[in-house]
Amino acid sequence: MTVNRSAPAISARAVRKSFGDHVVLDGVDLAVAEGTIFALLGPNGAGKTTMVRILSTLIAADAGDIQVGGHDVAGDPGAVRALIGVTGQFSAVDNLLTGEENLRLMADLRHLGRAAGQRRIAELLERFDLTGAARKPLTAYSGGMRRRLDLAMTLVGDPAVIFLDEPTTGLDPRSRRTMWQIIRELATDGVTIFLTTQYLEEADLLADRVAVLDHGRIAAEGTPAELKRRIPGGHIQLQFAGPDALHAAAALIPDAVPDDDQLILQIPGDGSVASLRRLLGELDDTSIDVEHLSIHSPDLDDVFFAVTGHATTDPATGQEEKVLQS
Amino acid sequence: MTSVAYTLTDSATMLRRNLKHQLRYPSLTLMLAGFPIVFLLLFVYVFGGQLGTGLGGHGAGGRGAYLTYLVPGILIITVASAALGTAISVATDMTGGIIDRFRTMAISRGAVLTGHVIGSLLQTLAVLALVAGVALALGFRSSASALEWLAAAGMLALFAFALIWLSAALGLAARSVETASNTPMFLTLLPFLSSAFVATATMPAGLRQFAEYEPFTPVTQTVRGLLTGGPIGMQAIAAIAWSIGIALASYLWAVRLYNRRRAATPN
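Residue numbers (my numbering), protein chains in the order written: chain B, 1 to 326; chain W, 1001 to 1267.
What the hints contain is simulated information worked out from the structure, not anything from laboratory work. Be aware that a few hints might be false.
[Unchecked claim] Sample of chain B residues facing chain W (criterion: CB under 10 Å; computed from the structure):
id, residue
1, L58
2, V93
3, E101
4, K136
5, P137
6, A140
7, M153
8, T154
9, F163
10, L252
The beta carbon of each residue, even a glycine, is placed where N, CA and C say it ideally should be.
Chain W with its partners taken away, still in its complex shape (with noise of 0.2 Å):
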């Protein structure tokens, strides 16, 4: 077998690995997914009703208007939710003392991380289509052709895949699993500061900037764009480019820790 197709075999095992840690222990995938439904219910049932009837230009507002308009953002909430998990699931790998057993065989390099982002990335597409599922049951209704679901479903995972690097990142970068679980918080503190919930034109100036240029905002805009109609514009360019600026970023710094990380270690 050529050197590529050990990186490919080796990283299938690896992802085996994970997927048979996520299913033997489900509580963590359910956790992650809890967080995001919470959520939906909260705002959909507690705010929904007052929020819906500022919504401008979403027809009649109410309850049922902010279904329409939130679900794009839980989606993306449940992406950052989910990302978490990687954080976790790569720290305790690296506190464990299987890694060193890892490190000491011939294992082609970057098989450890690769099976965990694959492994995170088919998480979350899991816990999507449950989220996706609640949010249907509840009253959602899209607009959008399957083509759109397609192009949507494509902007989700390719955001998750970068938030995943960059918990991957973190959970190396964490000396304690927990602390691996803290550090990511951030990311589903952003969504918050974004279009997902309210629209961005509410906030006052400063946060507003703000909120227009971060991340999650063209990302939220994009999906609900395909999902619920309305324009996307540039707003798809510009969740692409911060996707794979995130992604990029993120994979040479994790790669970067990875290798310190065996160099570090005293005694």
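This is chain B alone, in the form it adopts within the complex (with noise of 0.2 Å):
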């Protein structure tokens, strides 16, 4: 295995995507340093799933210019497999075999030998704490293991970099954080990591650096923190009990931005006690009542909606548009 130290593990430069009529990427650029964790963030539908697609050399992009680990996925996509391990969003398991037979398949398909095959798969049975269920068949697993199971089976030829295509979706918060703590210490190893992931939350905690793809284009990128930032500060989130109350209160304060659906209004601001002493006045004055009231400070939820302009909705559900949009 070699990779090119001066390189970036990933580049992509104006990676484009349609199927039929619908663009799904139009004009990606990327970077992913080696030995970082980046998280390509984005709602349903965004294109996330296909970049990750086309990265891992399983499907070729229409027009762009993509290297991983110094290979070219479309000149060379021998070399790009050899170096990476992919786990995708649906379970890529075999379920006819047990936990232990699928990390076999896995050691004999990337000719690691008898011995070391052996060793690899008790340690990776070990580490994902897979041990006593090696023998056990598939059916008898649980979401949390399965998931567990497949990044095990990616691990297998310690690939260089490793896509995973929403990790956690679907988890429960406990196998959820064994899963970032797994992630965290494969970074620690040297591993490059490019996961995808809807879970704002899991991209802050994760990455290195985040991109926002938004409608098949990068819409931010940066650290976190530098996304973070570019939020003027928190919101003041009121909650109504009906449309009018809603709306009537929507035309008392300018910058506020109603959610008809939610009934939210949400209102930019930092929550200090002055400022909401004085909206509360106003609220009293014209006699609207809100049921509910909450202070946000800014996390990547708001970074989201203010490099898109919009919520992250599913775009299949149509509603993207109409949300949020004053």
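Make one complex out of these two single chains by using the hints.
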């Protein structure tokens, strides 16, 4: 395995991909430094999975220049495949085999040899807390165990670059925390990690750099701290009982952004006592009833909103445009 | 290791995987064997008494004679039935997530399909042995020499190889496992329109021509000639030509489908 140390582990320039008339990636540029965790953040349908499938040689881009570990994805996919490990969104395990047999299959396909394979398998079973279930069929595995096995299978060949497509989607909070821990350890070992997520908290916690993908374009890129600095402050969120109260309040406060579906009004502000007192005073004067009030300090959710102009809703439902545009 | 060595190693790995599947879940193999065995029993014990009397030149007629006539046909049906399993196992693989994992690994091309095809071939041979055992238990006796048995086994294996590639292609073409288990069904119907159950000479014109020219008849006649005596002639050449033709065309189709699939999967 050879990785060109001077080049970034992953670099992509002007990547385009359409399925029929549907443009999924519309000129994506990104670079991931070796040994770092990079998070591609975006709602369902933003093109995250397509990006992973292109970077991991599963599908070809329509246009663009993509290198992984210094090898061209289109020109030398074999060399890229020898370097990478991929854990997709959908479980990529053999359901008819046991956990150990799944790992054995990977060791054989990586041509590790009997003894080295055996050692690696034992090590991974131990590390992923699967030793007890090693000889059990996968039907006896929980969702979290399957996901751990999935990742363990990816690691059998010691890949230098790992792609994780929504690694924690559908996991319970405890399994999610375990997965985060594993991802951090991998990065400490010098593995480059490219992960996609729709959880802003996850990107915030794990990633060295975050790119926000929206409608096939990178809307913003930077460290989580840099991105959060782009948000002037937090906001105050008011919950109303009905649309009338919501609209009355929205008319009263010029900067406010109403959400008709959730009957929520977002008001930019840092939540200082003075600003709260003023706000509540105004609402009181006009006799608008507020059901609930909460104060949000800036997080990546706000970043997403700020850079894309809409919330992280699913474009497939057609909701994203009507929300929060004033 | 050279790339040829890798191809062999990877194919062997995939073969082991498929054999493990078969051993762990023998119900599919038993189902594939059950179909020809039920037909064997049905045709010998329900229809055999009457069908046997209609056999000219096959000894005294009756159930025993029909058993002798039928067994080569049943072995061909076994091959067709066992090939169904390939479509199901290929489609199960292609609709599952693991195929994407294989495609992101540096595995030699074709190892996945080779593993399926060789695995199915071994499965078919096992099922053939089982069905032949049942036929022998029912009283089937062959006049064949060891060499003729071997030649018959070779003919069945070659034809099985052809139908398995065809079934693999059908499994790749199917969008779901359900479709994959239905589309190759015609393979189990074609033997009925051949000399497997009754002599083609007894069929009406049109149907008879079809029966005489479709691949199952020369294969049946070749195996029948080898196992129970009787003329083979040009039938063997037709049987081998059909088998190689089907195998080659199906192989090319399957590889094309396998390669195209990766480009077509959206998102």
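Practice task
Closer than 10 Å between Cβ atoms is the bar; does B/E101 clear it against chain W? Give me holds or violated.
Solution key: Where the cut-off is 10 Å and the nearest Cβ of chain W is about 7 Å from B/E101, the hint holds.
Handout entry: Residue hint B/A140, partner chain W, criterion CB-CB below 10 Å
Key = With Cβ-Cβ at 14 Å, over 10 Å, it is violated.
Practice task
May I ask you to test the interface hint for B/L252 with respect to chain W, counting a Cβ-Cβ separation under 10 Å as satisfied?
Solution key: violated (43 Å)
Problem - When the least beta-carbon distance from B/K136 to chain W is tested against 10 Å, hint result - result: Constraint on B/K136 not satisfied, violated at 12 Å.
Problem - Interface restraint verdict for B/P137 against chain W (beta-carbon cut-off 10 Å) - result: Since the shortest Cβ distance to chain W is 8 Å, the answer is holds.
Problem - Hint validity - B/T154 Cβ closer than 10 Å to any chain W Cβ - result: holds (8 Å)
Problem - Interface hint outcome for B/L58 [beta carbon to chain W under 10 Å] - result: holds (6 Å)
Handout entry: Minimum beta-carbon distance criterion (10 Å), B/F163 to chain W
Key = Check passed: Cβ of B/F163 comes within 8 Å of chain W, closer than 10 Å.
Exercise for the section: Against chain W, run the beta carbon of B/V93 and see if the smallest gap drops under 10 Å. Expected result: At 6 Å from the nearest chain W Cβ, B/V93 passes the 10 Å test, so the hint holds.
Exercise for the section: Would you check whether B/M153 satisfies its interface hint, that is, whether its CB is within less than 10 Å of any CB in chain W? Expected result: holds (7 Å)
The structure fails to meet hints 4, 6 and 10 from the earlier list, while all remaining hints are met.
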